[in-house]
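Following the hints, put chains B and C in place on chain A, whose structure we already have.
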Amino acid sequence: MPMTSKFAGTALINHITAIIQRTGHRTIDSIWRLGCASHFILLVLLKSMASFARPRLIIREIYYAGVMSLVIILVSGLFVGLVLGLQGYETLQKFGSESAVGTLVALSLVRELGPVIAGLLFASRAGSAMTAEIGLMKATEQLSAMGMMAVDPIARVVAPKFWAGIFSMPLLAAMFSVMGVFGGYLVTVVVIGVDEGSFWSQMQSAVDFRYDIVNGVIKSCCFGVVITAIAVFEGFDAPPTAVGVSGATTRTVVTSSLAILGLDFVLTAFMFRGVA
Amino acid sequence: MQRTVMDFWVGVFVMIGIGALLILGMKVGNLTSYQSGDSYTLLGNFENIGGLKIRAPVKSAGVVVGRVTNIEFSLETYDAVVTLSISNRYRFPKDTFASILTSGLLGEQYIGLLPGGDEAMLENGERFMKTNPAVVLEEMIGRFLFDKAAGE
Amino acid sequence: MTENTLVKFDNVSFSYGETPILKGVDLTVTRGQVIAIMGGSGSGKTTLLRLIGGEVRPSSGTVHIAGKIVHELNRNALFKLRRKMGMLFQFGALFTDLSVFDNVAFQMREHTNLSEDMIRDLVLIKLHAVGLRGAHHLMPAELSGGMARRVALARSIALDPMLMMFDEPFTGLDPISLSVIGSLIRRLTDALGMTSILVTHDVQESLQIVDYVYFLADGKIVAHGTPDEVRHSDAPFVHQFIHGAVDGPVPFHYQARAYADDLKICGNSLD
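For the protein sequence lines, the chains are A, B and C, in the order given. Okay, so the first sequence: first residue is 122 according to the numbering used here, each after it adds one. Okay, so the second sequence: first residue is 908 according to the numbering used here, each after it adds one. Okay, so the third sequence: first residue is 30 according to the numbering used here, each after it adds one.
Simulated from the structure, these hints should not be mistaken for lab results. Hints may be right or wrong, so weigh each one.
[Unchecked claim] Covered, in the sense of this in silico footprint (three residues per stretch, anywhere, with C-beta under 8 Å from a C-beta of chain A), are these stretches of chain C:
#1 53-63
#2 98-112
#3 115-128
[Stated by the list, open to error] Derived DSBU-like pairs: lysine-lysine, alpha-carbon spacing no greater than 35 Å straight-line:
#4 A:K168 x C:K97
#5 A:K168 x C:K109
#6 B:K966 x A:K215
#7 A:K215 x B:K1037
[Claimed, not checked] Here are the in silico distance ranges between beta carbons for each label pair:
#8 A:F173 x B:M1028: 47 to 57 Å
#9 A:G314 x B:D986: 46 to 56 Å
#10 B:R998 x A:S159: 41 to 51 Å
#11 A:L163 x B:K966: 47 to 57 Å
#12 B:T1009 x A:E211: 24 to 34 Å
#13 A:F173 x C:H272: 55 to 65 Å
Where a beta carbon is used, it is the ideal one built from N, C-alpha and C, also for glycine.
Pulled out of the complex, with its shape left as it was, chain A reads as follows (with noise of 0.2 Å):
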């Protein structure tokens, strides 16, 4: 059928009052979603007690989140140390502070990037495996057998997931920031030369415990509460479909990432204001 410029315009205005609904439809049902994660976790935390009880199944949720991201952690913290190493010494260089690569790196692997793609890599290894396994647990029925069979599917699968989560990100943001140093005194230290002494002497007077260290510590407990409680909804909420659970799964990812990056903002500006 021939379009006359008419038919057109009113093809291309029916096209973005789509776009416009879609839209608003999007944010209301983002907007409800949200609700529905908070009553979810709210579940969660109530049922936790009874899975306090059970230790074992902690543990198990602790090896599948903590332990089998141990490498990825491990290898990610020795190579952003390396690399900050490197770029720290080349542009302190220039005005002849090498000796201040220590504190760099130190700083902003414990302040800032330990945490933060400690928590990124956690969301996506962890995270998206807890999305996964609870969206297939539902789509293959099991968690309507567990409750047809009278035992919480929440308070058995959902809660022990969440706290390993929960213990497991500050531990291995503390890891990231280890390794991290240590990568970082390999490249200055041990390959390029840069004074050990200084190195270390240096790190140590500029950063202190209770501002640095705590404060890090406290940005990766917020995130592994944020990452846990997005791994587990989503995985929960998902359709039982085996779409459905991808598509949770990489909500998982993405929701948990844009999270921390935001929540990494509102922290640093609260946390590390200036101390007077």
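Relative to the frame of chain A, chains B and C by itself:
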């Protein structure tokens, strides 16, 4: 309770995690040299504290002997009252100078103590008799220009 | 409602959102019976099971189990009721991270304080009843479809429930597994003194083992009777279902416009 291989690896994981936190605290941070308790308080009035911040170090002869714990404005004397926490190991004479110095050219500001010759020592809660304010860049430039103009 | 009635549906209606699925269902199940609920795909058969299990609540009407109204029970009472029910899901729904043994032992470990020795014996007894005692060490991924379903059956009868529900137990099985499951359902129901409800559309197998049949179509019970009555029934829907006729009360063609119009034989435009 039956032990499984999983328990072992989880134990290893937790050990490494705690170890990492300890390493961060000891080697990377300054937890070991952190002053806790065992300190006494001294006060100092300064005309201008410049960029001095709480937790800035207090040094004498370049060695850190304490920390700045509080900075306030006094309505009685209309200047800054700085509270210092000095380690119990170090006692200073009553006529010690307290100055606000800058480390390096553009570094952070700290309090430097120059001991006098008095035999009596400063006790907990006492005030420095003599203080030097921070050097404010604008005043220095102004003074420099004024001197130059006066010299011509 | 007599002492012998275990399950009673009283004018039950259920809608999923806007779509009505059940429109006034009346159903009675007597203790000790094996009854079949038959109907086409999407007729709401599985919803009936979910209403019995308390997973969903009816929009109107009541569901009685052993005298109690299911959707009025609080969480604790509902869980207590569920411990006396067993459900076999369509594909078994075995817990994939547990072995066959641990799957069957699941309910025993969660709800009883039995020692591991006792549990071991009970698990092997249940597995023996379904003929899979030798497979107790396998993981669900290593089982065939028929074996998985038998393990799931052993799991659901672990605590000797009073009511067993079967969601499409015959779907997707080879002829041997079909008759194995069929005979297991009948024998276990009689041996354990249970009551069983089968939701299925497999006519051959179920008519051989059940005591009573209900036909569900369009959200209502359209026919019911003993297997013999059903086989010789003249009611059009029952006749079409039992004999597998292609066209009848359940039409072959999905709702569409007149054929000539769609093919534009008369030259009409599409809009």
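Within 41 to 51 Å: is that where the Cβ-Cβ distance between R998 of chain B and S159 of chain A falls? For S159 of chain A against R998 of chain B, whose Cβ atoms are near 58 Å apart, the range 41 to 51 Å is violated.
K168 of chain A and K109 of chain C: Cα distance at most 35 Å? Between K168 of chain A and K109 of chain C the Cα gap is close to 18 Å, so the pair holds against 35 Å.
Check, residue by residue, whether the stretch 98-112 of chain C contains three or more positions whose beta-carbon lies closer than 8 Å to a beta-carbon of chain A, and give the verdict. holds (count 4)
Range agreement (Cβ of K966 of chain B with Cβ of L163 of chain A, hint 47 to 57 Å): holds, 52 Å
Between the beta carbons of F173 of chain A and M1028 of chain B, is the distance compatible with 47 to 57 Å? Holds, at about 56 Å.
Hey, K168 of chain A versus K97 of chain C, does the alpha-carbon distance stay inside 35 Å? Cα-Cα ~27 Å, so holds.
Take the C-beta atom of F173 of chain A and the C-beta atom of H272 of chain C, compute their distance, and say whether it sits inside 55 to 65 Å. About 59 Å separates the Cβ atoms of F173 of chain A and H272 of chain C, which means 55 to 65 Å holds.
Decide if the proposed pair is consistent with the structure: K215 of chain A and K1037 of chain B, CA atoms, cutoff 35 Å inclusive. Violated, at roughly 41 Å.
Whether the CB-CB distance between G314 of chain A and D986 of chain B falls inside 46 to 56 Å: The hint (46 to 56 Å, Cβ to Cβ) holds, given that G314 of chain A and D986 of chain B are roughly 49 Å apart.
Is the coverage entry for the stretch 53-63 of chain C by chain A consistent with the three-residue Cβ rule at 8 Å? violated (count 0)
Quick one: see if chain A covers the stretch 115-128 of chain C, three-plus residues with Cβ-Cβ under 8 Å. holds (count 9)
Outcome of range test on Cβ distance (T1009 of chain B, E211 of chain A; 24 to 34 Å): Between T1009 of chain B and E211 of chain A, where Cβ atoms are some 27 Å apart, the hint holds.
In summary, the numbered hints that this structure violates are 1, 7, 10.
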